[in-house]
Every structure is written in C-alpha cells, then in structure tokens.
Amino acid sequence: MGQKLLMKGNEVIAEAAIRAGCRHYFGYPITPQTEIMHYMAKKLPKIGGVFVQAESEVAAINMVYGAASTGKRVLTSSSSPGISLKQEGISYIAGAQLPAVVVNIMRGGPGLGGIQPSQSDYFQATKGGGHGDYHMVVLAPASIQEMYELTVDAFNISDRYRIMTMILGDGVLGQMMEVVNFRDEEIIEHYDKSWATTGHGNKREHNMITSIHLDPAVLEQWNIGLQNKYKLISEKEQRYELYNCEDAEIILVAYGTVSRICKGVIKEAAEQGIRLGLIRPITLFPFPVDAIEKVIDIPKAFLTVEMSSGQMVDDVRLTINGRKPVYFTGRMGGMIPTVNNIMTKVMEIKEKHR
Amino acid sequence: MAIVFKAPNALCDVPLHYCPGCTHGIAHRLVAEAIDELDIEGKTIGISPVGCAYNNYLYFNCDMIQAAHGRAPAVATGVKRSLPDNIVFTYQGDGDLAAIGTAEIIHAAARSENITVIFINNTIYGMTSGQMAPTTLLGQITTTTPYGRDAKYNGFPIRVCEMLATLEGPAYIERVSLHDIKNIRKAKAAVKKAFKVQMAGKGFSLVEILSTCPTNWGLSPVEAMKRVENEMIPHYPLGVFVGADLEV
Amino acid sequence: MFPNEIIIAGFGGQGILSAGRLLAYAGMLEDKQVSFLPSYGPEMRGGTANCMVVISEREIASPVLNSCNALIVMNNPSLEKFESWVKPNGIIITDSSLVHKKVKRTDIKVFEIPATHLASERGNKTYSNIYLLGKLIKETGCVKPENFEKALYGILPEKRHSMIPEEMEVLKAGMEY
Ligand SMILES: Cc1ncc(C[n+]2csc(CCOP(=O)(O)OP(=O)(O)O)c2C)c(N)n1
Ligand code: SF4
Ligand SMILES: [Mg+2]
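Protein chains in written order, with numbering that gives the first Met the number 0: chain C, 0 to 353; chain W, 0 to 247; chain X, 0 to 176.
Bound-form chain C, shown alone (with noise of 0.2 angstroms):
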C-alpha cells in the first residue's frame, strides 16, 4: 500500500534516512537545509536514536568519522559553506574507506554568498574536494520521490562499497514540496562489517580504522585499492535518465532542478517543432558516460545547462570528446535558468548548425 504525503525536500531526505536504518545523525544549521536537522531533532529521540547538533561542520564530520567507524548507519547534512568546512573529514573518511551519508542543499557561493539555490559546488563534490586522491558517490535527485529513494539508496551503496554517499541537490528541491510515495518496507542491504571498531571484547584481532600510511608504497598500495573500488563503481553505478531523445536535433543535458526546467523547455520547443532531448545524470560520480554513448550519434550538438559558470560541462566535453560540439548555458549566485534563457540558446545553437 504504501504511504502518500506532501512533503518538503528536506523533510523526505531525513524521513528516508530514518527508513533506511539510519539512527545516528550530527550537523550544524544552515539555510537552506536545516528542516532535516529539525527533523531529526525531533524523531530521533524518540525511536531511541541519535541526534547531535556540533559545534561546528568540522565536529559534525568527524562525529560522523567516529560513528561510522562503529559500524552505524549515520548521515550528515549543510550547505556548502558548511560542506567547505566538512572537506578536511571526508577526505578522512575516504582514506579510511568508512560508510556515511552526507547531503548537501547548495546554496551560491563563493564565501558567504547567498542562500539561494545554485549547483557551483559540482567541482568539489565530484572531483574530490578535499585533499588526496578520492571520491565520493554524488546522487543528484530531481524530484521529492527521488529525494526518498536515492536517500534510501546512499545508505546501501555506502555500505556495499564503504565509501561516502553525497546526496547533492539544491535549495529548491530542499524547499519544495511534492508527493512522495513511501514504500511498507525498506530494502536495507545488509553487509559484513567486521572491520568496525565495536571493542574486539578478547574474541578478535584488534580492528584499525586510519588512513595514515607513512611507507609511500603502502600508501600506493592502499591508493590502488581506492581507485580499484572506484573503477567498480563506475562500471556498475552509473545512473541516468534518458527522456525524449530518440530523434532530438539538440540533447540537453541536466541534473537536478534544471533537468526540470529543461523538461519544460522541451515541451514548448515541441510546440515550436523544435526537437530536444535530455541526458539528465542521476549519479554524477560515476559521471554517467553511458548515457552520453547512447545517443552520441543522434543530435547536432549538445548542450548542458547548469546553475552555475559550467562545471559539469566539464565532464560532459571530456566524455565527448570533440565528437560533437558542446555548449553550455547557465546562471549563477542563486538565479535560476528560464525557460527563456535556455530557448534563446537553443536558437542561437539552430543558427550555428543548419
């Protein structure tokens, strides 16, 4: 049967958690996030859970740190002015190869910025964003329904391959309400996890968790590992949508709030007999190459829309690789792309490639 509600993005991330086993949460508030922790504040005390308001993003990074390396489902969450803060813990995290979640609500930086919503934090949560060669898993939902079950999903892929889930979306979508459908029952995947740190009480070898290596060829040993895992996830991980592209002059390609909006471009451009697609990544490490592949051969050119300067344009041109030509559009500091704004430059690329 299932349950029906309306609720906000916020709100569904920290529901989903719950569902998904999760019953230890620490953070710090920002807007535009803070109904998760108002959410937490108030269920997790009572199903005998965990909740802890930091000091800091640093502390409630590595409260995470602590409690991962037990072995616990625990999620954290802030915007990125906090998750800049966060990066010194992730790093360690993936160093350690721990299992967490941890969302970030973009808002438009750089500093203090703003607190509207903006997608200029793809660099860092994509290519790293800490010190050291790692990554995280990003899962970029773009709707309530997603929000729920990419949450529920962060919490398995984090434990099936003990790495750092980000859940990236962005003021609107944290904001926003819509329906979301909640299933009976969670599949929560159940993994071994007796590497934890859970007090060996004389039965075990001691358990280590670190990710301090002082001899460089273990530490490349250890490096190889990391990149193995990320190779594995690369080629299994991939997840995206492919809408409308069959026979698209022009594939867009969107994430999160703006692959909604390019969905209604693509409506009123085919109102224009105007053909366009879309390539909306659902998971943007792995950067879905797949899809990019798919439909390579089908459009004039591509055209990625972002709110931000183009950073996952990046990603886009690598995989493509001058094959076709790609151009970008976008907004920043917390603006969001119009219909308009993308019309006219679909138009100007119609011009260019008659």
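Honestly, I wouldn't trust all of these hints.
As a list, the in silico DSS-like pairs of lysine-lysine whose alpha-carbon atoms are at most 27 angstroms apart [as the list claims (entries may be wrong)]: (1) C:K266 to X:K171; (2) C:K71 to C:K192; (3) C:K235 to C:K266; (4) C:K45 to W:K151; (5) C:K42 to W:K151; (6) C:K41 to W:K151; (7) X:K101 to X:K80; (8) W:K79 to W:K201; (9) C:K41 to X:K158; (10) X:K158 to C:K42; (11) C:K344 to X:K86; (12) X:K149 to C:K3; (13) C:K3 to X:K143; (14) C:K71 to W:K151; (15) X:K101 to C:K266; (16) C:K45 to X:K158; (17) C:K126 to C:K323; (18) X:K171 to X:K149; (19) X:K80 to C:K344; (20) X:K158 to C:K3; (21) X:K149 to C:K42; (22) W:K195 to W:K185; (23) C:K351 to C:K266.
These aren't lab readings, by the way, just hints derived from the structure by calculation.
Use these hints to put chains W and X with the ligands onto chain C, whose structure you have.
This is chains W and X with the ligands only, laid out in the frame that chain C set:
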C-alpha cells in the same frame, strides 16, 4: 536650537533590518556612541560576524570586514597585527563566538590580542531560525531542542566570560545587559572602557551583552526584556570578570 | 488539460505559503500531480513571500515557474513583480484592501476582493487568504471545494479544526464574491 538627541556619526543613516524588539540595534548604537566619544571612527576597523548581524558592515561608518562563521577573532588578529595603531573590534553572536568560533576566541584571548570583542548573547541562533546555541538555557525550547534543552543530551550552557577569565591573556572582561535604561547605561560604559583598554595597549577586551531575540523566543518585546532579567541574569550574572581595577 | 500554474504573493505573515500548501494538498487528494515551491529566506523580518503551485493531470516538468495562468497578490510590490508573468486569458485576483494599484493588462481577467477588510469584519484577519482562494478555485477549478476542506483537516493542527466550518463559509463567500 540645541540638539538634545542625534544618531551617532559612527552609525550610517540607513534603516536596520533587525526584528521589532531585538536589542541588536541598541548594541549597535552603544558601539557607535563609544566610537564617536573616543573619536576613533577614522582608525577603527570592525569585523562583522555570521549571524543576524552579518551585514552590520552596512551600519557602522568605520571600515568593516565580513568574516566567515566564527572566525572574526582570527581575522581581527590579522588586521591588528598588520595595523597595530588602529582600533579593531569584532561583533559576534553566541553561535558565532561560542560554538563554531570557540577555538578562535579562546586563542585570541590567550594571546591577549589587543582587540575588542562585542559578544551578543541571546541564547539562540537567531539568523537560522532558532536553533540551540551554546548559551541556550537548560529547559529552553528551540528548533533543535524541541523537548527543551536537556543537559544529558545537549550538555550545559557555556558561560563565556567566566571561561575566558580563567586565562591569563584577557585584560578586561565584563558582562552587561540591555533589559532596562539603567543597565543600558552600564553597558555603554563597559563598551567604552573596552575600547579604551585597547587604545591603552592593555590587550584583549570583551563585553558580553545579554540580548533579546523576541522572534525566535516567541515572546513580545516586553516579555523578552523580562526574560533577560528573570531567566538569563540568574544564569549569566552581570559584572566585571577581569580588569575591575584597571584604570584607563 | 493544461496544468494549473499558480503564483501567490504578498508579505510574510499573510498566509501566503499556507495558502499554496493547502492547494497542493487538495490537489494530491484528487490524485493529481502537485508541486509547491515557497520562497525562502529571512522572511521573519517582514520581507516578501511568494509561492509557486502546480496542479496537473500529467507529470510536472518544472516546479519553478516563469509564467502562470493564475496569480493572487496581497500587496502592491507583488502585483508589480508578477503582473507580466500571467499568460494571456489568465486571471489575477487581488486583495483590494491592500493592493491599490490597478492591473494594467487587458488580456486577462481581474478580480478585486477586499479580502483583508472582509476578514476583519468577520473578526479574524487570518481568513483573508481564504477569500482569495475561494475565487481562485471557482475560476480555475484547480481543486474541488470538498477537497480543500479535507486539506484543511489534513494540514491544520487539531486545535484549529473547530475553525474549519467557518473557513469553508469564507471560502464559499470568496467563490461567490
Ligand atoms: C560555515 C557556516 N555554517 C553555518 C552557517 C549558517 N549560520 C548562519 S548564522 C548562524 C548562527 C548565528 O547565530 P548567532 O551567532 O547566535 O547569531 P544571532 O543570529 O543569534 O545574532 C549559522 C549557523 C554559515 N553561514 N556558515
Ligand atoms: S531573529 Fe532574533 S536576533 Fe535576529 S534580528 Fe530577529 S530578534 Fe534579532
Ligand atoms: Mg545568538
């Protein structure tokens, strides 16, 4: 015609954005009056926090710098060490100073940085809609302590003045309140003294100002003033913690 | 069927966001696709507030609107900002107790309801948004009044349920104004 009341020069002639009944505005005025009376506007550099006062760089007429959340004392250190003859102050809320910025304030005090800190304690995160602050009183309901602050889960409120007073660095530390005229006068004297301590090169000075947040407390402005007097002062006693007999 | 794309705008504290949420909730009860996007920010300090609501038979492309077919405005700046967003043949409903500017467009239908005044006469200013919603529901048919009533029961805290019959009277008065 004699002018009996006018806005301080050190405040810009723009409307403040604070909620009705919020004492951030009074605190601004006191700082500006002190700057005027000491005639230091031209050489003063202020550091704005992250909190409801994030944009008070628009309000103070002296040069101003906006800092990252909690980092104002470090920024102030950089400014003061670069321009030791200038006057440098930070203006920080309790979340900014006593949560995310605890390390910065403790070490600025320990180094006895010759700066002045104006610390606004309203027992809440005002800007982000009413979460628990490190100064939130036990039992106080906030958006992150929906069942009231419980020492078992949320720890105890921090008394910043008392904590910093254990260090050898600070030259002057006082806690004041804005809940009535008499106390506002005292607060003014404390703010002025803090600047004078810095001008005399005595080292770190901090004035904690007990302040209101009617919006997130869910109280009327009048009730909010009462809460300061009846609930905050018993936990945060007023007085001088360091430098009582310091003459400047 | 075209989707109903609705913008409601005014000051914080006028019930702008709750009006939008009620519509979305009622739409959900009719098994339609709905989205509700509130403006956000330090609104508590007397700023402006608006929300975008889409109620549709089919999948909603974007919850972010650049145009709409129905606009409710409860202050002058909102009329100035959003008047041009309304599609030809769309509607604008104003709270004429507060909006003194006149709608300039001639290709749309305009309804002026002194909602704040009517609500004060009834002794409860918080009803003003319901008068306007009544007219919106009547003119667009975006949701059925009985589902709006269910939405009130679904969203309002229990202690306010006793007010719902009166709110429904207000809704009907708005529909018939
Ligand atoms: C790194 C970072 N984390 C979180 C925030 C969000 N934030 C803005 S103001 C604030 C709290 C401010 O509270 P306080 O210092 O008590 O000031 P008040 O608003 O009460 O005056 C927070 C957490 C931020 N801007 N940057
Ligand atoms: S939210 Fe509180 S602290 Fe901020 S301006 Fe309003 S009353 Fe003052
Ligand atoms: Mg505060």
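Structure-based check of all given hints:
This hinted pair does not check out: C:K266 and X:K171 have alpha carbons roughly 36 angstroms apart, beyond 27 angstroms. Taking the CA atoms of C:K71 and C:K192, the gap is near 9 angstroms; set against the 27 angstroms cutoff, the hint holds. At roughly 32 angstroms between alpha-carbon atoms, C:K235 and C:K266 are farther apart than 27 angstroms, so this suggested pair is violated. The hinted pair formed by C:K45 and W:K151 meets the criterion: a straight-line CA distance of about 15 angstroms does not exceed 27 angstroms.
Taken as a hint, the C:K42 and W:K151 pair is honoured in the structure, with Cα atoms around 17 angstroms apart against an allowance of 27 angstroms. A hinted pair counts as satisfied when its Cα atoms are at most 27 angstroms apart, and C:K41 with W:K151 qualifies at roughly 16 angstroms. Of the supplied pair hints, the one linking X:K101 and X:K80 holds, its CA atoms being roughly 13 angstroms apart against a limit of 27 angstroms. The hinted pair formed by W:K79 and W:K201 meets the criterion: a straight-line CA distance of about 14 angstroms does not exceed 27 angstroms.
Pair hint C:K41 plus X:K158 holds up; C-alpha atoms about 20 angstroms apart against a cutoff of 27 angstroms. A hinted pair counts as satisfied when its Cα atoms are at most 27 angstroms apart, and X:K158 with C:K42 qualifies at roughly 22 angstroms. For the given pair, C:K344 sits about 23 angstroms from X:K86 by alpha-carbon distance, which is consistent with the 27 angstroms threshold. Between X:K149 and C:K3, the direct Cα distance comes to roughly 15 angstroms. Compliance with the 27 angstroms bound is thereby established for this hinted pair.
For the given pair, C:K3 sits about 19 angstroms from X:K143 by alpha-carbon distance, which is consistent with the 27 angstroms threshold. Distance restraint check for C:K71 and W:K151: the Cα-Cα separation of roughly 22 angstroms lies within the 27 angstroms cut-off, and the hinted pair is therefore satisfied. For the suggested pair X:K101 and C:K266, the alpha carbons sit about 33 angstroms apart, so the restraint of at most 27 angstroms is broken. For the hint pairing C:K45 with X:K158, the CA-to-CA distance comes to about 23 angstroms; that is within 27 angstroms, so the pair holds.
A threshold of 27 angstroms between alpha carbons decides the hint, and for C:K126 with C:K323 the separation of about 24 angstroms falls inside it, so the pair holds. Taking the CA atoms of X:K171 and X:K149, the gap is near 15 angstroms; set against the 27 angstroms cutoff, the hint holds. Between X:K80 and C:K344 the CA atoms are separated by roughly 25 angstroms; this keeps the pair inside 27 angstroms, and the hint holds. Restraint check: the Cα-Cα separation between X:K158 and C:K3 comes to about 24 angstroms, which is no more than 27 angstroms; the hinted pair holds.
Simply put, X:K149 and C:K42 have alpha-carbon atoms about 26 angstroms apart, close enough for the 27 angstroms limit, and the pair holds. Straight-line distance between C-alpha atoms of W:K195 and W:K185 comes to about 15 angstroms, which keeps the hinted pair within the 27 angstroms bound. Between C:K351 and C:K266 the CA atoms are separated by roughly 22 angstroms; this keeps the pair inside 27 angstroms, and the hint holds.
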